[in-house]
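Make the full structure from the sequences, and use the hints.
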Amino acid sequence: MVAYLDVHRCLEYLGYLGYPILCEQDSQTQAITVTREKRIDLEKGQTQRNVFLCKVIGPRGTGKSAFLRAFLGQSLEEQLRTPRAPSFYSINTVLVSGQEKHLIVSEKGKPRNLQTVI
Numbered sequence: 014m015v016a017y018l019d020v021h022r023c024l025e026y027l028g029y030l031g032y033p034i035l036c037e038q039d040s041q042t043q044a045i046t047v048t049r050e051k052r053i054d055l056e057k058g059q060t061q062r063n064v065f066l067c068k069v070i071g072p073r074g075t076g077k078s079a080f081l082r083a084f085l086g087q088s089l090e091e092q093l094r095t096p097r098a099p100s101f102y103s104i105n106t107v108l109v110s111g112q113e114k115h116l117i118v119s120e121k122g123k124p125r126n127l128q129t130v131i
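For the numbering used here, add 13 to where a residue sits in the sequence shown, where the first one is 1.
Hints in this document: simulated from the structure, not taken from any laboratory. Don't take each hint at face value.
Stated by the list, open to error - Label-pair restraints from in silico Cβ distances:
1) I53 with S110: 14 to 20 Å
2) A83 with R52: 31 to 37 Å
3) N63 with E90: 30 to 36 Å
What the hints assert, rightly or not - 20 Å max Cα-Cα, derived EDC-like pairs, lysine to aspartate or glutamate:
4) K51 with D19
5) K121 with D19
6) K68 with E120
7) K51 with E91
8) K68 with D19
9) K114 with D54
10) K114 with E50
Every residue gets a Cβ at the ideal spot worked out from N, C-alpha and C, and that includes glycine.
The structure is reproduced here in C-alpha cells:
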C-alpha cells in the first residue's frame, strides 16, 4: 500500500532494507513499475494496472467504516461484537475477468463544500 500511496517513501524503505544490494539491482527504482496514463487505458478499454484506489466518501456515521470492514469479509454482527479502532484503508484482492487485482478502499469524510446532487 505504501508503494501506491507514497512511492518516494517506498523507495526510501527499499534503500534502507538494502534492496539494490540484496537483489543485485542498480537501484531501488527497478522495483517500481510505471504504468501508462489512465487516459490511454480508457481509450483502449483495457488496463495494465493491478492496483486500484477507490474512495468511499460520506458524512460521519453513514457506514463508511462498516463498508470497509465488510469489504474484508467481516459481517455486521462480527463488527458489533469486536469493535476496533477505525482504519481508513482496506486492501483486498478481487478477480476481474480471471485476473487478480488489488483494490485499496479509502475512507474519506464528506468535505464541507460538497453539495448533495439530486
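Quick rundown of the hints versus the structure:
no. : hint                      : result
1   : I53 with S110: 14 to 20 Å : holds, 19 Å
2   : A83 with R52: 31 to 37 Å  : holds, 32 Å
3   : N63 with E90: 30 to 36 Å  : holds, 33 Å
4   : K51 with D19              : holds, 18 Å
5   : K121 with D19             : holds, 17 Å
6   : K68 with E120             : holds, 6 Å
7   : K51 with E91              : violated, 38 Å
8   : K68 with D19              : holds, 16 Å
9   : K114 with D54             : holds, 15 Å
10  : K114 with E50             : holds, 18 Å
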